[in-house]
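Use the sequences and the hints to build the structure in full.
Given next are the chains, with one letter for each unit.
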Amino acid sequence: MDLSLSTRTEGDRTIVEVGGEIDVYTAPRLREQLVDLVADGKYHLVVDMERVDFLDSTGLGVLVGGLKRVRAHDGSLRLVCTQERILKIFRITGLTKVFPIHSSVDEAVSATE
Amino acid sequence: MDLSLSTRTEGDRTIVEVGGEIDVYTAPRLREQLVDLVADGKYHLVVDMERVDFLDSTGLGVLVGGLKRVRAHDGSLRLVCTQERILKIFRITGLTKVFPIHSSVDEAVSATE
Amino acid sequence: MTSILPNHFRKGDVATVELSFSALPAHVRTARLVAAAVARRSGVDEAVLDEVRLAVGEACSRAVHLHRRHCPDLPVTVTLIDDPQVFRVAVTDQAPSDDADASGLEDLAESADLELDLVPPGVGLAVISGLVDDMSVEQGAGAGGQGVVVRMSWPTSA
Amino acid sequence: MTSILPNHFRKGDVATVELSFSALPAHVRTARLVAAAVARRSGVDEAVLDEVRLAVGEACSRAVHLHRRHCPDLPVTVTLIDDPQVFRVAVTDQAPSDDADASGLEDLAESADLELDLVPPGVGLAVISGLVDDMSVEQGAGAGGQGVVVRMSWPTSA
Ligand SMILES: Nc1ncnc2c1ncn2[C@@H]1O[C@H](COP(=O)(O)OP(=O)(O)O)[C@@H](O)[C@H]1O
Ligand SMILES: Nc1ncnc2c1ncn2[C@@H]1O[C@H](COP(=O)(O)OP(=O)(O)O)[C@@H](O)[C@H]1O
Chain H
1 MDLSLSTRTE GDRTIVEVGG EIDVYTAPRL REQLVDLVAD GKYHLVVDME RVDFLDSTGL
61 GVLVGGLKRV RAHDGSLRLV CTQERILKIF RITGLTKVFP IHSSVDEAVS ATE
Chain Z
1001 MDLSLSTRTE GDRTIVEVGG EIDVYTAPRL REQLVDLVAD GKYHLVVDME RVDFLDSTGL
1061 GVLVGGLKRV RAHDGSLRLV CTQERILKIF RITGLTKVFP IHSSVDEAVS ATE
Chain X
2001 MTSILPNHFR KGDVATVELS FSALPAHVRT ARLVAAAVAR RSGVDEAVLD EVRLAVGEAC
2061 SRAVHLHRRH CPDLPVTVTL IDDPQVFRVA VTDQAPSDDA DASGLEDLAE SADLELDLVP
2121 PGVGLAVISG LVDDMSVEQG AGAGGQGVVV RMSWPTSA
Chain B
3001 MTSILPNHFR KGDVATVELS FSALPAHVRT ARLVAAAVAR RSGVDEAVLD EVRLAVGEAC
3061 SRAVHLHRRH CPDLPVTVTL IDDPQVFRVA VTDQAPSDDA DASGLEDLAE SADLELDLVP
3121 PGVGLAVISG LVDDMSVEQG AGAGGQGVVV RMSWPTSA
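Chains as they are written, first to last, in the numbering used here: chain H, 1 to 113; chain Z, 1001 to 1113; chain X, 2001 to 2158; chain B, 3001 to 3158.
Simulated from the structure, these hints should not be mistaken for laboratory data. Think of the CB as a built atom: it goes at the ideal place given N, C-alpha and C, for glycine as much as any other residue. Relax, there's no trap hidden among the hints.
To give an idea of the interface, some chain B residues facing chain H are shown, with a C-beta separation under 8 Å as derived from the structure:
#1 A3026
#2 V3028
#3 D3050
#4 L3054
#5 V3064
#6 G3124
#7 A3126
Incomplete in silico selection of chain X near chain Z, CB under 7 Å:
#8 P2025
#9 A2026
#10 V2028
#11 R2029
#12 G2057
#13 E2058
#14 S2061
#15 V2123
#16 G2124
#17 V2127
#18 G2130
If you want the footprint, here are the derived chain Z segments under chain X, 3+ residues with CB under 8 Å:
#19 1022-1030
#20 1057-1064
Pasting the structure below:
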């Protein structure tokens, strides 16, 4: 399955809803999206991964890159994910310590540093 | 997708409903089914191909084999098929001249030699 | 390791996939799956993908039958090439060709082998040539001049 | 034609599929598709197929990255072997290994290349070793001692 991307804003937060497969083939499109948002002055991102079917380390790289970019502007990048098989990848790579991971978009949007 | 097979009788006709893919991998199971029916004294077969998604020449071979077997007992083997892509295979191989092909099970069941 | 690229893997081709498999019917399905996936990505029209699947399947079924009879330990090879404007497939076997390859279709009902319900390998080739506008069969692709390469191509929009 | 079977294609293996592809990201998807299809037919548990898909994808993504940097004209090879009780995969590249392969995970957030958001290739290997109980990495599989073979296996019920 291919990658789907949609964005919306709630207050100062921008929610990026991602669906499908984030892999070596589609990750460049997610990267572009995140780069564009930051260039657009959106520094508080919530990436909703609930509809992601597949995530590999290339996808992780793009998320880490996004985190670095928003941090350069004192921003934040929060993830929404409850899927065990996706969470497992974050755990294996130690990224659960790097990303705040929430169980709903509401929780992520209302979270403060 | 895999092969599905079910049989039922109407009068002296036996209807074999085939679904999925009839190819080099699954054709042996269809062959076994037809051989068993003939061994069982069922000589008037209607093979309903409306739910077949894929048919290759191995599948054609099994149908031709079935036809030969029922003919050895003065029987018949009729096909039900309205799918253009499947009909095309019968046309390419000249088998439309060998098999009676009907557009419904009812039509096939009520057909006489 | 010696080169794993046979001759028809030409240099300069942009996107190329090669699949080789032992002569088992189950692998014909894998070959169909791969051919359809690569064809789709190469820009072959959706409506024609079924045709790609069927034609590649016929070529592989034929090769698997011949290998099982003559050389069960040798692999069958499928090469997929995404050239500009055209998607190319070559299915290569290493078996001596059967005379049956030449048999006509008219007498299919007579020639089918009742023991195994096998249609002559020529029927697979006839199905391919009935489906695919651009196809060719070349002799002598395998070691020692054995075997055949079935080549097919389809236009792409990409 | 020279033999298309590399060394790890051992004689006597029952059902074997080999895929080789040019170093393009799109082909990593093909490799995942093929690995999952062959694994399913080999009797790998349905619940583990996602793991096979991910692990094979990681190994292939790593190989494609390295090939694009060092040897874009050489193919990456995936070998799938359906041995009794066990399904084996070997992903072979022909590129010089990066030092980055050895890099730890702790500092992933620091080490990711901001230009391309590339994680070091070692992260892919770490994901594999976190997912797959039986995995190994051997050096020097390619011509001239270059490259690496990533081997993985899963039990089968068939
Ligand atoms: N990024 C990923 N994408 C897809 N599958 C993954 C990913 N990471 C891990 N998996 C694997 O998918 C398998 C299924 O995950 P899980 O949701 O626990 O299974 P199920 O829902 O089938 O019980 C697990 O073995 C897990 O390791
Ligand atoms: N046995 C077969 N199984 C699957 N597809 C086939 C088979 N035989 C032919 N096809 C091909 O499938 C393609 C789609 O067939 P068709 O039903 O006419 O298309 P669509 O429904 O997409 O308009 C055609 O190009 C046809 O040649």
